[in-house]
Amino acid sequence: MRYEAFIDILSGDKRFLSSSGDVVGITEELRKLIEQNGINLITFSDFIVEYLKENQSLLTIHVTGKPFSILCPNIGVFLQIWITDAEKSTQHFLAIVNYSGNVQISISKPELFDRVIFDIMKKSIEYLDCLRVEMPFLYRFIIFELFNSFRKLSKIKFEGIVDKNIVLADYKDRGLIWEIDSTTIDYTNSISKKILSPY
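Going by UniProt numbering, the first residue of the sequence shown is number 1, and it counts up by one from there.
Some clues are possibly wrong.
As a list, the in silico BS3-like pairs of lysine-lysine whose alpha-carbon atoms are at most 30 Å apart [said to hold, decoys possible]:
hint: 1; residue 1: Lys164; residue 2: Lys194
hint: 2; residue 1: Lys164; residue 2: Lys123
hint: 3; residue 1: Lys88; residue 2: Lys32
hint: 4; residue 1: Lys123; residue 2: Lys152
hint: 5; residue 1: Lys172; residue 2: Lys194
hint: 6; residue 1: Lys53; residue 2: Lys123
hint: 7; residue 1: Lys157; residue 2: Lys172
Here are the in silico distance ranges between beta carbons for each label pair [claimed, not checked]:
hint: 8; residue 1: Leu41; residue 2: Asn148; range: 28 to 36 Å
hint: 9; residue 1: Lys164; residue 2: Gly21; range: 48 to 56 Å
hint: 10; residue 1: Lys172; residue 2: Phe144; range: 18 to 26 Å
hint: 11; residue 1: Asp173; residue 2: Trp82; range: 34 to 42 Å
hint: 12; residue 1: Thr64; residue 2: Ile180; range: 33 to 41 Å
hint: 13; residue 1: Lys123; residue 2: Phe144; range: 16 to 24 Å
hint: 14; residue 1: Asp13; residue 2: Ile156; range: 41 to 49 Å
hint: 15; residue 1: Asp129; residue 2: Ile9; range: 38 to 46 Å
hint: 16; residue 1: Glu111; residue 2: Arg151; range: 14 to 22 Å
hint: 17; residue 1: Thr64; residue 2: Asp173; range: 29 to 37 Å
hint: 18; residue 1: Ile180; residue 2: Ala86; range: 41 to 49 Å
hint: 19; residue 1: Ile161; residue 2: Lys53; range: 45 to 53 Å
hint: 20; residue 1: Lys193; residue 2: Lys53; range: 41 to 49 Å
What the hints contain is simulated information worked out from the structure, not anything from laboratory work.
Ideal placement from N, C-alpha and C gives every residue a C-beta, glycine not left out.
Given these sequences and hints, build the entire structure.
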């Protein structure tokens with residue numbers, strides 16, 4: 001499974017013409033992720049072109065998407081994406097966070113992805129009941145940065161292992177729970193209930 005975007009080269013499983021006239025190709029896996037969140041493919045193409053052509057290190061936009069009808073309506077997908085143009089192929093990290101149909105799309109160079117994670121964690125603590133972060137593969141540094149960001153934003157009451165989960169909780173009963181070696185991690189504003197529930 002590889003998440004890739006191509007600019008002005010005829011590659012990718014699906015191709016689009018961006019608003020700026022650039023040809024953008026994406027892999028099938030990336031297309032499915034974008035459509036699953038209800039993101040317009042042209043909007044995403046414009047986002048990738050702007051990020052690469054303006055040589056930005058980090059870019060975030062907010063768009064209207066499709067809400068999920070599951071227990072926690074706030075779902076984030078964090079992954080590595082490769083962007084290829086006529087000159088080179090470069091590695092970046094992408095976060096698509098669906099807040100009940102309001103979608104934040106952030107992309108950055110690998111060394112700046114901790115800023116993206118911190119911003120998402122801050123929003124979660126301030127405004128959300130829950131957030132589930134999913135990854136197609138286990139990126140341990142993402143897990144580390146989520147825990148690290150939570151520590152910076154909260155006064156920690158408990159950190160340890162409960163069953164097969166690493167749990168971090170603050171004095172307001174907010175916390176993170178990660179089943180060791182899984183590709184998902186959950187934030188909740190009621191960690192005591194989360195530990196006791198099967199979800």
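For this structure, which hints from the list above don't hold up?
-> none
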